[in-house]
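Spelled out from the first residue to the last, the chains are:
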Amino acid sequence: SQQGEEDPQALSIQEGENATMNCSYKTSINNLQWYRQNSGRGLVHLILIRSNEREKHSGRLRVTLDTSKKSSSLLITASRAADTASYFCATDVPYDKVIFGPGTSLSVIP
Amino acid sequence: NAGVTQTPKFQVLKTGQSMTLQCAQDMNHNSMYWYRQDPGMGLRLIYYSASEGTTDKGEVPNGYNVSRLNKREFSLRLESAAPSQTSVYFCASRPWRGGSSYNEQFFGPGTRLTVL
Numbered sequence: 022s023q024q025g026e027e028d029p030q031a032l033s034i035q036e037g038e039n040a041t042m043n044c045s046y047k048t049s050i051n052n053l054q055w056y057r058q059n060s061g062r063g064l065v066h067l068i069l070i071r072s073n074e075r076e077k078h079s080g081r082l083r084v085t086l087d088t089s090k091k092s093s094s095l096l097i098t099a100s101r102a103a104d105t106a107s108y109f110c111a112t113d114v115p116y117d118k119v120i121f122g123p124g125t126s127l128s129v130i131p
Numbered sequence: 326n327a328g329v330t331q332t333p334k335f336q337v338l339k340t341g342q343s344m345t346l347q348c349a350q351d352m353n354h355n356s357m358y359w360y361r362q363d364p365g366m367g368l369r370l371i372y373y374s375a376s377e378g379t380t381d382k383g384e385v386p387n388g389y390n391v392s393r394l395n396k397r398e399f400s401l402r403l404e405s406a407a408p409s410q411t412s413v414y415f416c417a418s419r420p421w422r423g424g425s426s427y428n429e430q431f432f433g434p435g436t437r438l439t440v441l
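Just so you know, the sequences run in chain order W and C. When we follow our numbering, the leftmost residue of the first sequence carries the number 22, and every step to the right adds one. When we follow our numbering, the leftmost residue of the second sequence carries the number 326, and every step to the right adds one.
Looking at chain W on its own, in the form it has when it is part of the complex:
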């Protein structure tokens, strides 16, 4: 079974709304990262949060990490049509192994 699991699998929202995606994992981690992938193309790194951090912001992105619950969330505020993509969490487990979850497919409707 996979280390990381995203929830929901698919999400459809109107432009301007906020989108929240969750990631749960099973084992202890060094870092957790979020990536975006547009329609089968390459992956783009969004944000990395270390195991000793609880919250991190980058532009319209907010990531939280709760190591006691082994979970993370990605919030995209004021979504745009260009945010339509698949979003993946990736857990960084000892030593230097990076495992991806199955992803959340986000559709932002103009």
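Treat the hints with caution; some may be incorrect.
As the list claims (entries may be wrong) - Straight-line alpha carbon distances no greater than 27 Å define the calculated DSSO-like cross-link-like pairs of lysine-lysine that follow: (1) LYS47(W) with LYS77(W); (2) LYS118(W) with LYS47(W); (3) LYS382(C) with LYS334(C); (4) LYS334(C) with LYS118(W); (5) LYS396(C) with LYS118(W); (6) LYS382(C) with LYS91(W); (7) LYS47(W) with LYS382(C); (8) LYS118(W) with LYS90(W); (9) LYS382(C) with LYS118(W); (10) LYS47(W) with LYS90(W); (11) LYS382(C) with LYS339(C).
No lab work stands behind these hints: they were computed from the structure.
Chain W is fixed; fit chain C onto it per the hints.
Quick look at chain C alone, frame taken from chain W:
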């Protein structure tokens, strides 16, 4: 800087044929990775290399071999291709910051492989 490059971009094989996917990075990164992505799914780790001269199995290593030729290059070999290996293959690299501190991965554009 070219970043992470992968060759070829597309490949069609017949069952039982062999081939090697090439990956190179020019960012002096220590770690390199091979993933596969099946339609509608996430990336699954095949093999990774934490440094030159070392390789380790990931989640789905069966049917694959790897070589970390030098710090720049990390190749993935399919010895006897099977239809189940039809997928998009991504190579990635990332720098090591010391201790257990790593940063994000940088991905190549992918190789789309079809096995008939």
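Verification of the supplied hints:
1. Between LYS47(W) and LYS77(W), the direct Cα distance comes to roughly 21 Å. Compliance with the 27 Å bound is thereby established for this hinted pair.
2. Simply put, LYS118(W) and LYS47(W) have alpha-carbon atoms about 14 Å apart, close enough for the 27 Å limit, and the pair holds.
3. The straight-line distance between the Cα atoms of LYS382(C) and LYS334(C) is roughly 24 Å, inside the 27 Å bound, and the hint therefore holds.
4. With a CA separation close to 25 Å, the supplied pair LYS334(C) and LYS118(W) stays within the 27 Å bound.
5. Distance hint between LYS396(C) and LYS118(W) is fulfilled; the C-alpha atoms sit about 18 Å from each other, no more than 27 Å.
6. For the suggested pair LYS382(C) and LYS91(W), the alpha carbons sit about 24 Å apart, so the restraint of at most 27 Å is met.
7. Our distance criterion of 27 Å between C-alpha atoms is met by LYS47(W) and LYS382(C), whose separation comes to about 19 Å.
8. Pair hint LYS118(W) plus LYS90(W) holds up; C-alpha atoms about 21 Å apart against a cutoff of 27 Å.
9. Our distance criterion of 27 Å between C-alpha atoms is met by LYS382(C) and LYS118(W), whose separation comes to about 9 Å.
10. Taken as a hint, the LYS47(W) and LYS90(W) pair is honoured in the structure, with Cα atoms around 9 Å apart against an allowance of 27 Å.
11. A threshold of 27 Å between alpha carbons decides the hint, and for LYS382(C) with LYS339(C) the separation of about 26 Å falls inside it, so the pair holds.
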